[in-house]
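Novice: Take a look at the letters that make up each chain.
There are 4 protein chains.
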Amino acid sequence: MKGKLLSFTLFGESHGKAVGILIEGLPPGIEVKVEEMKAELERRKGIRRFSTKRRESDEPVIVSGVFNGFTTGTPVTVLVWNRDADSSYYEEIRNTPRPGHADYPAKVKFFGYNDYRGGGHFSGRLTVGVVIAGYFAKKLLERFGIRVRAYIRRIGPVECPQVEPEELFASPNPYCPDEDAFERMLEEMEKARKSGDSVGGTVEVVAINVPAGLGGPWDEDIEADLASALFRIPAVKGVEFGLGFRFAEMRGSEANDPFVVRNGRVATETNNHGGVLGGITTGMPLVARVAFKPTPSIYLPQRTVDLERMDEVELRLRGRFDSCIVPKALPVVEAMVAFVLADHLLRRKAWEGVVR
Amino acid sequence: MKGKLLSFTLFGESHGKAVGILIEGLPPGIEVKVEEMKAELERRKGIRRFSTKRRESDEPVIVSGVFNGFTTGTPVTVLVWNRDADSSYYEEIRNTPRPGHADYPAKVKFFGYNDYRGGGHFSGRLTVGVVIAGYFAKKLLERFGIRVRAYIRRIGPVECPQVEPEELFASPNPYCPDEDAFERMLEEMEKARKSGDSVGGTVEVVAINVPAGLGGPWDEDIEADLASALFRIPAVKGVEFGLGFRFAEMRGSEANDPFVVRNGRVATETNNHGGVLGGITTGMPLVARVAFKPTPSIYLPQRTVDLERMDEVELRLRGRFDSCIVPKALPVVEAMVAFVLADHLLRRKAWEGVVR
Amino acid sequence: MKGKLLSFTLFGESHGKAVGILIEGLPPGIEVKVEEMKAELERRKGIRRFSTKRRESDEPVIVSGVFNGFTTGTPVTVLVWNRDADSSYYEEIRNTPRPGHADYPAKVKFFGYNDYRGGGHFSGRLTVGVVIAGYFAKKLLERFGIRVRAYIRRIGPVECPQVEPEELFASPNPYCPDEDAFERMLEEMEKARKSGDSVGGTVEVVAINVPAGLGGPWDEDIEADLASALFRIPAVKGVEFGLGFRFAEMRGSEANDPFVVRNGRVATETNNHGGVLGGITTGMPLVARVAFKPTPSIYLPQRTVDLERMDEVELRLRGRFDSCIVPKALPVVEAMVAFVLADHLLRRKAWEGVVR
Amino acid sequence: MKGKLLSFTLFGESHGKAVGILIEGLPPGIEVKVEEMKAELERRKGIRRFSTKRRESDEPVIVSGVFNGFTTGTPVTVLVWNRDADSSYYEEIRNTPRPGHADYPAKVKFFGYNDYRGGGHFSGRLTVGVVIAGYFAKKLLERFGIRVRAYIRRIGPVECPQVEPEELFASPNPYCPDEDAFERMLEEMEKARKSGDSVGGTVEVVAINVPAGLGGPWDEDIEADLASALFRIPAVKGVEFGLGFRFAEMRGSEANDPFVVRNGRVATETNNHGGVLGGITTGMPLVARVAFKPTPSIYLPQRTVDLERMDEVELRLRGRFDSCIVPKALPVVEAMVAFVLADHLLRRKAWEGVVR
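Residue numbers (the numbering used here), protein chains in the order written: chain B, 1 to 356; chain Y, 1 to 356; chain U, 1 to 356; chain V, 1 to 356.
Hints in this document: simulated from the structure, not taken from any laboratory. Mixed in with the good hints, there may be bad ones.
A pair holds if it fits inside one copy or across any two, identical chains being indistinguishable in the list.
Claimed, not checked - Capping the alpha-carbon separation at 27 Å, the derived lysine-lysine pairs in DSSO-like fashion look like this:
#, residue 1, residue 2
1, 45, 328
2, 45, 139
3, 139, 349
4, 2, 328
All figures in this text were calculated on a predicted structure; none of them were measured in a lab.
Could you put together the complete structure from these sequences and hints?
Specialist: Here is the structure:
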């Protein structure tokens, strides 16, 4: 994720020495508490029952950029050693790309040199770094009262009813503010798990107290930057803001949010627009939804091609798979949104500092 | 749109001297025919009946980067003078931001210095430059047989049934390959127009003959780059690839596309994934859908705030508005997709040139 | 010149329709006076006697990004139409690259598609755009009291003695604060002119009131960014800061500038370091020197190769050449320095806005 | 160093856990031999007698991006753990910035949060990462026969006579191809060392077999990109190409290099231009010179300011300092040049792959 003033680069492979992140542009003076960072990483493990059995402690090692408990302003590098990787299995399926996975296009892209073990650099394990980036970004946003929270909006056929931002931020349930919907989501995931299958879902992410004026037209469009960040998360196949695709079915008179005065400030009566108009934040809550496809690794037999012999074969995967990755995606989605917001906030401060 | 090797910057304002584009990174030797470029620009005007009455000839003036009918390899600048702008009206509504428009957040973003006339730099008129960028990108892609085409997938409640890529590229109808659906779309737009309202829709864009291996994980993700480009188009509120949001309702066993051998090459039996896995093209047709909200400018009365007096007022817009911008968005969507593909193709060629 | 928050792109060819510039990232609210801009452009014409006889009015046409006399915050495009170009001559020398010019490598780089007339995109005429960029950057810097001024430090064997910043900024002579040296420089240029030759020189540029803290180590190094900008000016072959190459001959004990307290602030007693330590400004005047090679276009006969026949031939140039480009380089050097400083100042403001 | 297709970011602090590098854009299939990499790192230690007594084994740990002995095409991270750091001393001088060092401006830049121990992120130790980047870049260049070599051109008053590229590449002396000059350089460094002082110098770097056509005008200028990279090396205060600053004293008729035919190819008779004209390589050897100031850390007493009490004090440094860093700069200079060349080579291949 390369912002103008804030960017990060993920490194590492699922079965290599480590995974990690290098963050550039973090301002100095952000307080860093490893326990807090670990708590965020813990969220990334999702609901144990529906997650891969690979369970590592994910101990973040801060290699650079933090001194005496605060960011220094120079590049921050954090890595997490890999410990519990079992690569033996991947040699078996090296020539039989898994449907729905990057195996085949990656082989083409990297001329066969890529580390194919456990998905290599494509592995969901790389999101460890994303969550760490989010940790720093959230700390920066907190200074301005900006908060970001994601919840599961859908698992397969089960959709959570629309919730108001206040409800969401007040909810004690870390996955979904609607307990009833959450129960049914769990059932859906369980059904998928039991049948050796997987299931998709959507995540809704909300950011509050975002000031108006972040973003801009064309190259500065904050929706475009957010979408760009969110699509980089593995398995994401759709992103929408506000009413998103539902706008396509509407008339302008229904879709437009009237401007009103609330507590002496400009606001909109409804928030169909999801907090962004013309690529710029309006001061209303930012609302986006992200579609995740079902994990492609499933236990059911699938058809694929043996790339050496160029014939079609049946593939039966063994290993430790998530039956649903949506619960573990929550902190990852939040991290991407927080990071983009932090970049745009910094850009805003640059202008505020010179426009008189 | 800033790619790694290919980027463009739009400039101009709706009621300023001109709108235009500067393109960097175009390789030398692309043949440029102004008539072809104009034909593309003509498509951008959409269906006359449902488009703004502002009708300009959109004569592209190539200012730099083209010599003897070919690109030179240095920055290409093309501009189109504005002629038919009527700004008188905009002074009236200067302090009453139009609902659904960028007026209010733009005023915050630009500290009140933005050119508010006709939407200024936010105007749909700026897409003139996008279409010009697309013209060059398509010419480059053509050398490799890559073709990009967009069609209207939905207008309000009317959805075009799924079409196969071959059908689409063979269709004589420039808006929608399904004549029956198109008829009903026209009716829908007419209804909106007559009631002084506007209507939204979706565009589906397909690219064929895209080689496998473009894109990459994380920072090189081609879906992210495409989404980033598409969200920069005004009024876009959602982007999805392949089955997109429908993936969220599915099981992995339904969603995964089996790999097969077709004509001695690796392909997938179905194309749920829309041509990209793990951020990398698979060689299958690239398929994306883009949601457009209804044009916010409507003739029906709306509520807004007078920013000077900070009280709520009724707003009745006069002017020349599109009742539906979806038809004119087609070449814009194609242009964005073509441009991103061209950037990734160039990056691919860099690696092909050094990996031995 | 691509900075993080401020960048510009030059476009146009010497004998094409126009030359111009697109500037991105300029904050809104910078007052623009065309007469001031023209005065800067006038400086770029140098001393009439030693400059090309091509004399155009260089009327800047502001195409975008300025509204009601102030920058809007969106991309600023300014162009200057070409009027007095005589291309007939260039067909003659198309296959015989001029020694010291980009003709030959440009032909290779652009696969023969480049506009070779008058140097095309390589022409010194493109510095029109640089000067315009400098105009905006200087206006921004002025708000913070930062001023940039360049003077001729050397023409051939004649060197101006070191001057103090105060002297320089107070000098009425626009080329060199030392009248005696300037007289001898003029003689040197005249001698070169009369013999159908050209002569090189150096420019020293000084910026005062630059706050401490701009720049940073490695990727943020402001000397590197300044050098990068300065080397983009045609004919520049060397850049140095402070004592520059003289440091190589020195001992640390001579070279180090002692820190002292001046008016209650930290300063250095001497300014050998030229205002930058470790890539960061110290608050002392920024001092850089730039070496310009003699204009390669001379009237004396030269040897070159006929690229078609691949044999060696004599080349006698006709045309209108500068006998010395150093005088006209002054506003160009200032512009590059001002632009880089403005970019770093913006970045600084971003951090100042969030570090608490 | 951020190129268009190839970039690296250094991380770490002198007395932190580690120093290292993350490289993005390296193509897959580059063979990696740790012993070769260590040999390059060994060169970075310079001549033992004149280098800091901190002697670490500099064992590179390849964390990511290399699989089965070849680059994978995903980000390469290499780190070297810090072992022999003694930080106790730095608390003493925390408030008394060392003359010639970044201590003072760094404190301003980072609002006091920077790791000041051993220079922190400004430490020469960070060049470990640069050398590693150079290792990869050189391997890529080797495929095309491109070789880069640097030598000491000057130490204080002692200058090595000009050498031809063939001589340089054939020389067995790793520091200077002229044995006599090298002897005198050693004496000069010894004199500085004995007097508790340090001495500056210049490095000349030469690249051979660079194809014509790399680089371009303005934003693509390869001299600008090289200078930008070279100025990022600590202590560099000047960069010049070909005759560099000597051009300023010359006439065009002396300076211009006649084009000639050599072995059926276009060449120049002389190489005053140093292999680049108009920002583009000409096919002649690339020649640049880099000025290094004397190491600011010396044992002689110096004057500085106590930043807390704001009064002037005498500073006597203790610690382990280089009396001359020029010998250890050689692989660092080579690395920067190789890296920039590799980036431009990749860009060239992109165009070669599409221009027909």
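Novice: Hints first: check each against the structure and report whether it holds.
Specialist: Checked hints:
1. 45 <-> 328: within (5 Å within a copy, 45 Å between copies)
2. 45 <-> 139: Within one copy only: 21 Å inside a chain, 40 Å across chains, cut-off 27 Å.
3. 139 <-> 349: Both: 16 Å inside a copy, 19 Å across copies.
4. 2 <-> 328: The answer is within: 23 Å in one copy meets 27 Å, while 32 Å across copies does not.
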